[in-house]
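2 protein chains.
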Amino acid sequence: MGQCCCKKRKDSQELTNVEQAIETVINQFHCYAVQGRKEYLTPNELKELVGQKLPHLGNCVGPLEEKIECLGDPNEARVEFGEYWDIMGDAAKCCQK
Amino acid sequence: MGQCCCKKRKDSQELTNVEQAIETVINQFHCYAVQGRKEYLTPNELKELVGQKLPHLGNCVGPLEEKIECLGDPNEARVEFGEYWDIMGDAAKCCQK
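Line by line, the protein sequences give chains W and Z.
Numbers 661 to 757, taken from our numbering, label the letters of the first sequence in order.
Numbers 661 to 757, taken from our numbering, label the letters of the second sequence in order.
No lab work stands behind these hints: they were computed from the structure.
Hints may be right or wrong, so weigh each one.
In this list, chains with the same sequence are indistinguishable; a pair is considered to hold if it fits within one copy or across any two.
To be verified - Here are the computed lysine-lysine pairs in the DSS-like style, where the Cα-Cα straight-line distance is at most 27 Å: (1) K727 with K707; (2) K753 with K707; (3) K727 with K753.
Hey, can you work out the whole structure from these sequences and the hints?
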C-alpha cells in the first residue's frame, strides 16, 4: 500500500520545481488515502506515509508520531488534507532551521 | 532575485521524493528571503516567489495575492516560514481537489 505511483494530473515538464514539489506532496496524500478514497487518511495510513516517506526526518518525526497518536482511532479517525499539509509543515519547520 | 540555485543541505540522492519536495519548498523560502537573511520573507518577496514559482496555480494564486496584501507593509512586514508554508498549503488545497 502506498507504493503506487500516482498519475500526475498535469504534464509535470511545464510545472516549476515548486509546483512539482507541491504536486508530489499532494500525490502522496492521494496514494496513501486509500480508506478515505483520496478524501482523507486514517492515522495509521498517515503513520505509514511518514514512516516510509520521511525516513530522514527522524528527529522531527518523533513529535509527529505523538501528534498522530492524538488524532484518534488509528483506523477510524479522519486526517483531512489540510491537517496532513500542516503535519508536513511541522517536519519542514523542524528541518529548515 | 530569487533565481539563485540554493545549495541542498543534504545529498538529495538519498532523500525520498517527499523529502526532496519538502526541501524544494524550504529552499525557495531561503532563496527569496533575502532581506530577512533566510529568516523571513517580505510580502514583496513572497509575491515575487508566488509569481515566478507558482505560475500554473493562477486560479489559486488570486486569493493568495489578496492574502499577501493583508500581510502588511510590502517591504517591512515579516512572513515567517510557518506562514509561508501555510500559504503554499492554500495553493496545494486549491489544486488537490
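How the hints compare with the structure:
no. : hint           : result
1   : K727 with K707 : within (10 Å within a copy, 32 Å between copies)
2   : K753 with K707 : both (19 Å within a copy, 21 Å between copies)
3   : K727 with K753 : both (15 Å within a copy, 21 Å between copies)
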